[in-house]
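If you read the protein sequences in the order shown, they are chains E and X.
If you read the first sequence in the numbering used here, its first letter stands for residue 1, the second for the next number, and so on.
If you read the second sequence in the numbering used here, its first letter stands for residue 111, the second for the next number, and so on.
It is worth saying that the hints were derived from the structure and are not from the lab.
Among the hints, erroneous ones may be present.
[Said to hold, decoys possible] As a list, the in silico DSSO-like pairs of lysine-lysine whose alpha-carbon atoms are at most 27 Å apart:
no., chain 1, residue 1, chain 2, residue 2
1, X, Lys236, X, Lys201
2, X, Lys127, E, Lys68
3, E, Lys107, X, Lys148
4, X, Lys201, E, Lys14
5, E, Lys107, E, Lys80
6, E, Lys14, E, Lys42
7, X, Lys142, E, Lys68
8, E, Lys73, X, Lys201
9, E, Lys14, E, Lys107
10, E, Lys68, X, Lys148
11, E, Lys68, E, Lys14
12, X, Lys127, E, Lys73
13, X, Lys132, X, Lys148
14, E, Lys80, E, Lys42
15, X, Lys132, E, Lys80
16, E, Lys107, X, Lys132
17, E, Lys107, X, Lys142
18, X, Lys142, X, Lys201
19, X, Lys127, X, Lys201
20, E, Lys14, X, Lys236
21, E, Lys107, E, Lys42
22, E, Lys42, X, Lys142
[To be verified] Listed next, the stretches of chain E that the computed footprint assigns to chain X, with coverage defined by at least 3 CB atoms under 8 Å from CB atoms of chain X:
no., region
23, 61-73
24, 76-82
Because the structure is a prediction, the values reported are computed rather than measured.
Glycine is no exception: its CB is placed at the ideal position from the N, C-alpha and C atoms.
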Amino acid sequence: MIMIMIRAVVRPEKSGLVLSELLDAGYVGVTKEEVYGRGRQKGIIVGEVHYDELPKELLIIIAEDADKEDIIKIIMRNAKTGENGNFGDGRIFITPVEEAYTISSGKAGL
Amino acid sequence: MKEIMAFIRLNMVNPTKHALAKVGYPSFTCSKAVGRGKKPLAAEAIQVIMDNAGSVPADEIGEHLSEGIRLVPRRSFSLIVDDEQVALAVKTIIQVNQTGTPGDGRLFVMPVAEGYNIRTGERQIKELDR
């Protein structure tokens with residue numbers, strides 16, 4: 001079984017929706033962190049003020065490779081603002097995971 | 111090199127830190143995180159309420175609990191080790207953090223492509239080249 005880590009940086013106001021939709025689709029395990037960052041647009045420039053540390057939330061999901069497309073689709077659909085999306089809606093990154101353990105049982109695997 | 115990323119209980123950071131230092135891995139990064147596991151409901155939270163009140167209250171709190179999307183606070187604890195050290199580090203983290211009840215956390219091992227030392231600018235092939 002190939003495992004992957006999906007890291008999604010989403011708008012803080014969208015993370016609740018993404019999480020509940022993931023839950024409904026059966027992807028229960030998830031971790032959320034508060035992060036700050038900027039994207040390709042260099043943050044937001046309003047007059048002379050430059051906001052380059054915008055608050056976002058990082059969702060970390062470990063899943064089977066087979067579920068990748070489904071999870072990405074759910075995140076994309078629910079983290080997007082408006083019809084066509086906007087700058088700042090976030091990014092999704094995928095990393096391979098070689099081993100996974102549950103600490104309470106000491107067992108390997110998801 | 112491999113990255114070991116563990117999501118552990120808040121009060122377990124110190125014991126984990128000390129145990130890892132003892133077996134030779136003093137460096138780590140730790141950050142605040144919240145999350146949920148396989149069980150959609152936070153079993154611990156309900157247990158605490160049951161102990162205090164006798165049953166899950168039928169008011170707002172009870173309703174909130176039954177929503178099933180409660181995220182519980184955890185620490186994300188990550189360290190980078192050499193390939194051959196993964197087994198020992200994983201064993202140590204599991205040993206220290208295991209209480210046997212659900213919620214002890216999860217642990218993941220991921221490959222790391224490259225590492226650099228910012229002070230010297232050197233490329234790190236092995237984690238312990240410091």
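Checklist entry - Quick check: which numbered hints come out false for this structure? => result 2, 4, 5, 8, 9, 12, 13, 15, 20, 21, 23 and 24
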